[in-house]
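The primary structure of each chain is shown beneath.
4 protein chains.
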Amino acid sequence: MSAKGKVLLAYSGGLDTSTILAWLIDEGYDVVAFMANVGQIEDFEAARTKAIKCGAKDFILEDMRREFIEELIYPAVQVNAIYEDVYLLGTSLARPVIARGMIESAAKTGCQYVAHGCTGKGNDQVRFELAFYGLKPDIKVIAPWRDASFYNRFAGRSALLEYAASKGIPVAQTKAKPWSTDENAMHCSYEAGVLEDPDHTPPEDMWGLIKSPEKAPDTPEQITITFTKGLPTKVKIQSSGKEVTDSVEVFDTLNLLAREHGIGRVDIVENRLLGLKSRGCYETPAGTILRTAHISLEGLVMDKELRKLRDSFLSRSFSQQLYDGLYYSPECEFVRSAIPASQKNVNGDVRLKLYKGNTIVEGRSSSETLYSADAASMDVVEGFDVEAAGGFIATSSIRLKAHGLNQTRKGLGGVDKQSAHAGGK
Amino acid sequence: MSAKGKVLLAYSGGLDTSTILAWLIDEGYDVVAFMANVGQIEDFEAARTKAIKCGAKDFILEDMRREFIEELIYPAVQVNAIYEDVYLLGTSLARPVIARGMIESAAKTGCQYVAHGCTGKGNDQVRFELAFYGLKPDIKVIAPWRDASFYNRFAGRSALLEYAASKGIPVAQTKAKPWSTDENAMHCSYEAGVLEDPDHTPPEDMWGLIKSPEKAPDTPEQITITFTKGLPTKVKIQSSGKEVTDSVEVFDTLNLLAREHGIGRVDIVENRLLGLKSRGCYETPAGTILRTAHISLEGLVMDKELRKLRDSFLSRSFSQQLYDGLYYSPECEFVRSAIPASQKNVNGDVRLKLYKGNTIVEGRSSSETLYSADAASMDVVEGFDVEAAGGFIATSSIRLKAHGLNQTRKGLGGVDKQSAHAGGK
Amino acid sequence: MSAKGKVLLAYSGGLDTSTILAWLIDEGYDVVAFMANVGQIEDFEAARTKAIKCGAKDFILEDMRREFIEELIYPAVQVNAIYEDVYLLGTSLARPVIARGMIESAAKTGCQYVAHGCTGKGNDQVRFELAFYGLKPDIKVIAPWRDASFYNRFAGRSALLEYAASKGIPVAQTKAKPWSTDENAMHCSYEAGVLEDPDHTPPEDMWGLIKSPEKAPDTPEQITITFTKGLPTKVKIQSSGKEVTDSVEVFDTLNLLAREHGIGRVDIVENRLLGLKSRGCYETPAGTILRTAHISLEGLVMDKELRKLRDSFLSRSFSQQLYDGLYYSPECEFVRSAIPASQKNVNGDVRLKLYKGNTIVEGRSSSETLYSADAASMDVVEGFDVEAAGGFIATSSIRLKAHGLNQTRKGLGGVDKQSAHAGGK
Amino acid sequence: MSAKGKVLLAYSGGLDTSTILAWLIDEGYDVVAFMANVGQIEDFEAARTKAIKCGAKDFILEDMRREFIEELIYPAVQVNAIYEDVYLLGTSLARPVIARGMIESAAKTGCQYVAHGCTGKGNDQVRFELAFYGLKPDIKVIAPWRDASFYNRFAGRSALLEYAASKGIPVAQTKAKPWSTDENAMHCSYEAGVLEDPDHTPPEDMWGLIKSPEKAPDTPEQITITFTKGLPTKVKIQSSGKEVTDSVEVFDTLNLLAREHGIGRVDIVENRLLGLKSRGCYETPAGTILRTAHISLEGLVMDKELRKLRDSFLSRSFSQQLYDGLYYSPECEFVRSAIPASQKNVNGDVRLKLYKGNTIVEGRSSSETLYSADAASMDVVEGFDVEAAGGFIATSSIRLKAHGLNQTRKGLGGVDKQSAHAGGK
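Residue numbers (UniProt numbering), protein chains in the order written: chain A, 1 to 425; chain B, 1 to 425; chain C, 1 to 425; chain D, 1 to 425.
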């Protein structure tokens, strides 16, 4: 074994992590390259070959698609997770699963260190490392892009290329795109490069996953999603009659449909976790459809006050925790433990129309509906005591009247004051 | 004056409120009919004629469009108000303004009573009456649809028609639509009738305001909205070069654009305030565009922690208060007083593409941006101390490590347990 | 069976519910009197005799002390439940247990109705009835104090006395106290009468449970409370060496100690649930000690972020739900289901000194402490990377600097502005 | 001027900051010593003499008592600020004022740097530095206890003493106490040393400010505090008839009373902001009385829903922000801007009895009370429509019944299930 010990490196097959691999060996470490299949399009065999060529002692490929979908994405669907009203957390959700795969593989291969190629300004370094420490408090982490001896040496692409040449590391001949991407089963993200100007419209050829609404078919597709305890357990496609029920197949099917129909692109300036703002473009096909569908079904079956609590407690907390890399934290364990109790009744079907970027709810039904057409009907007297409504209003108005009287006493309230407040009227 | 006194009636010109008008006179009241112009399409002169024909002593028409937009809709834009993730509160926002118009007109015309034709199961009775009591605690309210002597007598449309005939009240010959609507500058709502089955897809001919995405033009429109302190102060349409800056014109312009491009339809089963669930379809053209644009600009200029506070405090509270009819309450006055301080920096432009139901952000800019391309850039070392990020991670991980160690001590934590928890792996 | 059916009446043995009992029989019902032992001082046999004498078909006494303490009070201890910063919810917590006893007894005795003697302005009518409906949605409820035929007839004590005399109902010869009380294992409450003036100091002879701090012993007592998963599982009294471990005994022991040492009196003007304010005085002996002890132990063992979530989610929600009579609601079921996960680590001992109204924490210890003396020590360099603190500050200050610069740009920020804002300086 | 420039040092007169002063000069800086009078007991002239003797170019003493009380403490009183249910934030509140004094003095004296003697593990380094950067984003900060060249050289008291001797710095002959303290007008804190064992009872001679309840007088004192817009504007002492109205005098008077009557000691294990837990003992005399009094008055005059919003929004946020050193942040500016609107009606008197550690509310009154004795009275039928209460209950129970029926349908709910859930019954 090398003098300094053994490192498990999160390897992407690209120039950066290949350089890091070779550099770690130069620094005196043995290196095991690790790659997680979380649904990205990737030539895994080519990556294995390249890693070994760079000097890796071993290459580990873990297929983590199912646990990514079932353990991370599906709870996010259950709580309608969203960050800053726009971002569906595709990258954030993948990190805990990859980090766990790394810690497990590090244990199996006897690595004392884990290393990653995340930049020193971004969110992912935080997400990976907080996950590492939460899972294995005594793990040692190497982050070359925060290590002056690395980042000073490799500042700029030419230094990387030169080093790669010197080490015989093959470099893809394709021209680097003027942005960077991260892809998995949930989404593909685009940031940096030309996107750093938040007023620069994303070029159409950037979007790699989802058709533009303009190019999506003129004919809508209709589908039905069945939820069981808040989880999507069946998708039926009307045009073909096809049905799928396996969790991964359900997600993959929705991904294909949404990509075809232009659903799931967003463009946001978001607050990163280290205090900077950052511009990101995201394509989240299945996640976008599922969010609309799940919210719609909850309208039918979830109690009003439970929904308020779930929204302000579970949804906001879970979204923030995932964004902030806190999946393996006491507070996220707590939040996750509370999700199932909120989803007991979220059973039923949602019918949707997919058309050029739109996910249109066409109907929803459930055997556990809390909705009563008779009670709600304006045309039916039965099922609701309208005089009780008067009692509700009378009691609710007590404190408003007390406030109104107090305002009047102080010469502050009443119509005149309110109008004056209106300004300019 | 009549024996019982004078009533100001919220009059719509329809069969219900015309019947109520005549019935109030039968009951011994003098009646003044009141109508607010809050942007709905309406033949106000026909309504005046009909009210007088029904026996009203007077007919008052108040043009409240500007105060509706400036005092109610614009604060909702500033806080990104939304109810249950879907409903933009079009009806809820109109009620406080109409109620204020009524209380003011009641004072001017010497009415001791106000009356409305809202049903006894719905939200609007609550919204109107809580507003009345908040503005004038000693006002007396008549709600015929909660009065047994009225609702027992007029149960069903035929009883209303018969009474109308007996009173010489003209009835529109158009066949009643199988749903009911409420329209104002913010939105048009549809509920009841065939919509009471939440799995019944809304018929295409129901949607009266907004083109369907399918029928919207194949050519997108591009616009720029300028915000000043969170309020839309200019709209520029790229194709025509037209610019508008007056608050009402801005709103009207966005309404026309959204209606043309199929933007702003939703369909929801929502939790009404009296404990029932209800299905509603809403068309909110300008409001939908403004929400997307405002959120996008806030991403650029609003501080992260201020945004969290604003979201959980102002946005949720204001939305719930408006839905619940609590505009004239101590808590809503408090919330409204806090809005401006959150919007001081929300100044800048948002560029949008409108296309078949989609509001696509193409860019945003501001002279008060908190975004720094250099600091955020992955390619630039300057502007951010990457070693500080390591310090942040180290301090943030302290309690996660303590938790991890405690879990391990109890035989609960670590990788194995977490994996086991994953279930089935 | 009587024509109208059978009623289970919550019977207290007092003049009000005895009158209601006789009146229900007059109205044509059969009546079963129900009494719950929730720890109040009461002559249950005398109550039984009196109920039968008043005409009850049966008298049911349920000993519900253990379930009151274990199912209601202990979760309140776990979440540090408190209403409006002062009230420990003694009455609120008893209602769900009593209501459940009533619904169970009504089922066993074939009663179609349940009745109670709560006033029409108070909280308890709401708490009882919402619990009844939550447990048995089709139960029929009789609330005489909201029934005009009852309350008009029995307005004033003399009408009640006259009726009692006419029915041969024995009336206690003791002079009525100028306030009303409610007692159970958790607390004794005082309200109404002379207390209705919120500036009237409660008379010393009102307080029936707890010694005044002035009259409490001059010698403090020291005790140790052991918590297991947030529940008090042992109390040790230092002076006597006595130890108790049974949940009811633990609670009773703490009650005795607190009563002796003047601990647990409060006086509050609170917001009732129907919109009125009300003045109440409460004696909560054991509950006051447990709250202090539990909070102190949580300081040692509970994670910081978990604590924040628990406080804003579980504690506030549970307290409000209990106050509002919503124990048997979807939202309270949800909250209760989340409590245990927050208390897994709340294991350890708290040492307290009880002295003249004060509960003084003298120390706390736990085998699951998250506290590290070495890490926290100002004198030890080990266990904490002080340079990491610098990194934390540097990243945390990024957005504050951006804000400061923006303020300066606008001529708003910086020292001068802040000083000016200070006002008057 | 020295080569490296000029430093404003927060100087305490103790061994640490005297060493830092001399060391900074060794390092090539000119040093100005700064001291803020925030109400601590201190020989300021001795400090000046010592600073000059240590080599300071100048010594600046700023009397900041009034702004500390009016700008920091009083808003904390208005929101009932508290951290983790126990700590009244005495140190946290002083930091923003001292930091502002330093930035202002640095500007006046031409210092490019500010320096402090806070340890590298504690909260105060964060509070000072975030305040510095918020007020003057380009200020340069020197924190010797995070600088390896300093902390490695001065690890341990003997190194400090030796260096002091070499520099002719006078050292107090009093034996160092086995804990450290921080004192200001709001409180005195004790931590470290023997207190690092959280199960070590604080020695009686540690508490320097407040008498122990045991030693407090046997005779209570009665006082009346008058609040205006939530601020204490008058204190009247019953025994002497003395009245004070100036803000500083009010606070000082309450401090004296509380110290005499044993009020305001707490002992807590709290969560520091850098992820560690820490044990602190605090004496907060006036603050403890004011909190009790202010909460009591709010009960009388503050609307129920406004109170909920204020508690969950202003109180929690402000407390956390102050603890975390975020006074000069966008979010705290926002919170502070919202406080006055919540306190408009908080006008009135609170009568208190002070006795051996207890602050006992004896009554409260206000001309703006929202309390109505008639409406609340159980004995009066007027002022409240009891049948409306029935309507409130009926509407509130709608969703509980729907839930109950759904549970029954699923075989989950109802009495039996609830009892079973009770466990062990």
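No lab work stands behind these hints: they were computed from the structure.
Hints are supplied without guarantee of correctness; some may be wrong.
Copies of the same chain look alike in the list, so a pair counts if it fits in one copy or across any two.
30 Å max Cα-Cα, derived BS3-like pairs, lysine-lysine [what the hints assert, rightly or not]:
hint: 1; residue 1: Lys167; residue 2: Lys177
hint: 2; residue 1: Lys236; residue 2: Lys177
hint: 3; residue 1: Lys108; residue 2: Lys53
hint: 4; residue 1: Lys308; residue 2: Lys353
hint: 5; residue 1: Lys242; residue 2: Lys215
hint: 6; residue 1: Lys304; residue 2: Lys401
hint: 7; residue 1: Lys401; residue 2: Lys4
hint: 8; residue 1: Lys410; residue 2: Lys234
hint: 9; residue 1: Lys401; residue 2: Lys229
hint: 10; residue 1: Lys410; residue 2: Lys304
hint: 11; residue 1: Lys234; residue 2: Lys140
hint: 12; residue 1: Lys53; residue 2: Lys242
hint: 13; residue 1: Lys4; residue 2: Lys308
hint: 14; residue 1: Lys410; residue 2: Lys140
hint: 15; residue 1: Lys308; residue 2: Lys57
hint: 16; residue 1: Lys353; residue 2: Lys211
hint: 17; residue 1: Lys234; residue 2: Lys4
hint: 18; residue 1: Lys6; residue 2: Lys140
hint: 19; residue 1: Lys108; residue 2: Lys6
hint: 20; residue 1: Lys215; residue 2: Lys6
hint: 21; residue 1: Lys234; residue 2: Lys167
hint: 22; residue 1: Lys6; residue 2: Lys53
What you are looking at is a predicted structure, and each value in this text was computed from that prediction instead of being measured.
Going down the list of hints, with the structure as the test:
Taking the closest pair of Cα atoms, Lys167 and Lys177 come within 30 Å of each other only inside a single copy of the chain (24 Å); across copies the shortest separation is 62 Å, beyond that limit. Proximity of Lys236 to Lys177 under the C-alpha cut-off of 30 Å is found in neither arrangement, the shortest distances being 38 Å within a copy and 33 Å between copies. In this homomeric assembly, Lys108 and Lys53 come within 30 Å of each other (Cα to Cα) only inside a single copy, at 22 Å, whereas the closest approach across copies is 63 Å. Within a single copy, Lys308 and Lys353 get their C-alpha atoms as close as 28 Å, which meets the 30 Å cut-off; across copies the closest is 33 Å, which misses it.
Taking the closest pair of Cα atoms, Lys242 and Lys215 come within 30 Å of each other both inside a single copy (24 Å) and across two copies (28 Å). When the C-alpha separation of Lys304 and Lys401 is checked against a cutoff of 30 Å, the pair qualifies both within a copy, at 27 Å, and between copies, at 13 Å. Only between protomers do Lys401 and Lys4 lie at most 30 Å apart by alpha-carbon distance; the minimum there is 24 Å, versus 76 Å within a single protomer. Taking the shortest alpha-carbon separations for Lys410 and Lys234, only the inter-copy value of 22 Å comes in at or below 30 Å, while the best intra-copy value is 62 Å.
For the identical chains of this complex, Lys401 and Lys229 are inter-copy neighbours only, at 21 Å across copies versus 44 Å inside a copy, given an alpha-carbon limit of 30 Å. In this assembly of identical chains, Lys410 and Lys304 lie within 30 Å of each other by CA distance solely across copies; the values are 20 Å between and 37 Å within a copy. Taking the shortest Cα distances, Lys234 and Lys140 never come within 30 Å of each other, neither inside one copy (43 Å) nor across copies (42 Å). Neither within a single protomer nor between protomers do Lys53 and Lys242 lie at most 30 Å apart by alpha-carbon distance, with minima of 45 Å and 61 Å respectively.
Within a single copy, Lys4 and Lys308 get their C-alpha atoms no closer than 53 Å, and across copies no closer than 42 Å, so neither meets the 30 Å cut-off. For the identical chains of this complex, Lys410 and Lys140 are inter-copy neighbours only, at 23 Å across copies versus 66 Å inside a copy, given an alpha-carbon limit of 30 Å. Within a single copy, Lys308 and Lys57 get their C-alpha atoms no closer than 53 Å, and across copies no closer than 45 Å, so neither meets the 30 Å cut-off. In the homo-oligomer, the alpha carbons of Lys353 and Lys211 lie at most 30 Å apart both inside one protomer (17 Å) and across protomers (16 Å), since each shortest distance falls under that limit.
Proximity of Lys234 and Lys4 under a CA criterion of 30 Å is satisfied in neither setting, with 51 Å inside one chain copy and 52 Å between copies. Taking identical chains as interchangeable, the C-alpha atoms of Lys6 and Lys140 lie at most 30 Å apart only when both belong to the same chain, with a minimum of 11 Å there against 41 Å between chains. Taking the shortest alpha-carbon separations for Lys108 and Lys6, only the intra-copy value of 12 Å comes in at or below 30 Å, while the best inter-copy value is 56 Å. When the C-alpha separation of Lys215 and Lys6 is checked against a cutoff of 30 Å, the pair qualifies neither within a copy, at 50 Å, nor between copies, at 62 Å.
In the homo-oligomer, the alpha carbons of Lys234 and Lys167 never lie at most 30 Å apart, since the shortest distance is 50 Å inside one protomer and 58 Å across protomers. Taking the shortest Cα distances, Lys6 and Lys53 sit within 30 Å of each other inside one copy (18 Å), while across copies they are farther apart (56 Å).
Of the hints listed earlier, those the structure fails to meet are numbers 2, 11, 12, 13, 15, 17, 20 and 21, in rising order.
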